[in-house]
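Undergrad: In order, the protein sequence lines correspond to chains H, L and C. Going by our numbering, the first residue of the first sequence is number 38, and it counts up by one from there. Going by our numbering, the first residue of the second sequence is number 38, and it counts up by one from there. Going by our numbering, the first residue of the third sequence is number 38, and it counts up by one from there.
What the hints contain is simulated information worked out from the structure, not anything from laboratory work. As the structure is a computational prediction, the values presented were derived from the model and not from experiment. Where a beta carbon is used, it is the ideal one built from N, C-alpha and C, also for glycine. Treat each hint with caution, since some may be false.
As the list claims (entries may be wrong) - Sample of chain L residues at the chain H side, in silico, Cβ under 10 Å: (1) GLU43; (2) ARG45; (3) THR82; (4) SER83; (5) TRP115; (6) THR132; (7) THR139.
To be verified - Reference listing, derived: stretches of chain L covered by chain H, where coverage requires no fewer than 3 residues with Cβ under 8 Å from a Cβ of chain H: (8) 74-80; (9) 84-94; (10) 106-114; (11) 123-129.
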Amino acid sequence: MWVQREIRLNARPRGFHLVTSEVLSALPELHDIDRGLLSLLIRHTSAGLTLNENASPDVRRDFESWFDRAVPEGADYWTHTLEGDDDMPAHIKATLAGASLTLPIAHGRLALGTWQGIYLCEFRNHGGPRAIAATAWGEER
Amino acid sequence: MWVQREIRLNARPRGFHLVTSEVLSALPELHDIDRGLLSLLIRHTSAGLTLNENASPDVRRDFESWFDRAVPEGADYWTHTLEGDDDMPAHIKATLAGASLTLPIAHGRLALGTWQGIYLCEFRNHGGPRAIAATAWGEER
Amino acid sequence: MWVQREIRLNARPRGFHLVTSEVLSALPELHDIDRGLLSLLIRHTSAGLTLNENASPDVRRDFESWFDRAVPEGADYWTHTLEGDDDMPAHIKATLAGASLTLPIAHGRLALGTWQGIYLCEFRNHGGPRAIAATAWGEER
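Using the sequences plus the hints, can you model the full thing?
TA: So, in structure tokens, the structure goes:
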């Protein structure tokens with residue numbers, strides 16, 4: 038059984054956002070997979086996908102603080118600056134966070150840990166809506 | 038052919054640990070897969086999985102040194118501090134290292150490079166045992 | 038339908054290199070997959086694979102600048118120094134960039150974003166040719 042679809046995530050402000058429900062509600066067929074996997078790829082180079090703590094908004098704010106310090110805007114070594122100060126740091130951050138996730142499906146549900154949620158990492162100031170290529174495959178229930 | 042199972046890794050001290058044998062010994066069915074893949078997902082947000090050098094303990098110690106400098110404990114920009122000084126840095130490090138691996142299986146064995154091993158990246162001081170969701174699929178030998 | 042093959046990438050100088058065409062030309066069978074995935078794993082611990090911007094050479098140069106600053110050679114905390122100043126930083130950078138990619142295939146083509154390309158991240162001064170384990174699977178067209 039194969040499901041393949043593009044999911045369009047609403048535009049969000051720069052920062053880290055919990056999107057687990059938005060992703061799952063676009064994939065009702067996961068319910069029919071007994072054992073399988075879900076692959077998610079964000080189709081952009083200035084945003085990322087990662088798994089992290091799904092409870093405290095504090096954690097997501099601290100992610101933003103750390104990433105902004107680790108990859109500074111306006112550093113003198115950037116040469117790719119035409120698209121704005123937030124552009125080149127966004128590319129680096131996107132590689133650090135990663136563009137894709139591969140997640141197990143068991144008995145019709147994602148088999149994540151209790152505290153794990155899917156983060157959309159929006160690294161641009163005005164990134165707009167973001168497209169995710171979702172592919173699920175496995176044995177039918 | 039599908040195999041799906043939770044693997045429980047013994048508690049380890051904070052640091053980077055080579056766990057290739059422990060993971061493989063929990064998955065004897067890999068031997069029956071001719072061409073396929075193994076997906077591993079650590080079901081936690083303060084530990085990670087990565088592939089790196091499987092020979093020198095020096096390398097794993099240097100990983101710890103670099104990660105501790107790159108994501109400092111006690112920095113004044115952390116707001117999520119209730120669970121201890123090692124907690125918020127552990128979340129960031131977990132995203133940098135990554136939570137999952139997708140590894141090729143060929144003729145009944147993982148087709149890793151000669152020097153590649155699976156690292157459990159334990160970022161908490163007392164992380165306890167760690168759960169990995171393992172899913173293998175492919176063509177039977 | 039399964040395809041599994043080792044791809045040998047030509048030796049390249051230290052830096053970030055766009056290798057999308059080189060990878061695709063080694064996998065003509067992708068054309069026959071209607072819905073599926075491609076898994077790529079670099080079989081080395083001092084080089085990585087990532088997706089990022091496929092247009093400006095500036096971007097790839099800035100990647101090199103950032104990674105070299107983030108993981109400095111000759112730092113006093115490195116203990117694994119026998120294989121040269123570029124070795125231990127290369128291991129850390131390889132984990133930050135990641136060793137593998139999982140990419141969707143739709144209607145015989147990789148379903149990447151318009152601006153996404155596959156980067157070989159060569160972190161050694163003289164890394165030599167690099168081997169990638171490629172595995173594609175899916176439904177035939």
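Undergrad: Run every hint past the structure and note whether it holds.
TA: Consistency of the hints with the structure:
{"no.": "1", "hint": "GLU43", "result": "holds, 8 Å"}
{"no.": "2", "hint": "ARG45", "result": "violated, 13 Å"}
{"no.": "3", "hint": "THR82", "result": "holds, 5 Å"}
{"no.": "4", "hint": "SER83", "result": "holds, 8 Å"}
{"no.": "5", "hint": "TRP115", "result": "holds, 6 Å"}
{"no.": "6", "hint": "THR132", "result": "holds, 5 Å"}
{"no.": "7", "hint": "THR139", "result": "holds, 5 Å"}
{"no.": "8", "hint": "74-80", "result": "holds (count 4)"}
{"no.": "9", "hint": "84-94", "result": "violated (count 0)"}
{"no.": "10", "hint": "106-114", "result": "holds (count 3)"}
{"no.": "11", "hint": "123-129", "result": "holds (count 3)"}
The structure is inconsistent with the numbered hints 2 and 9, although it conforms to all the rest.
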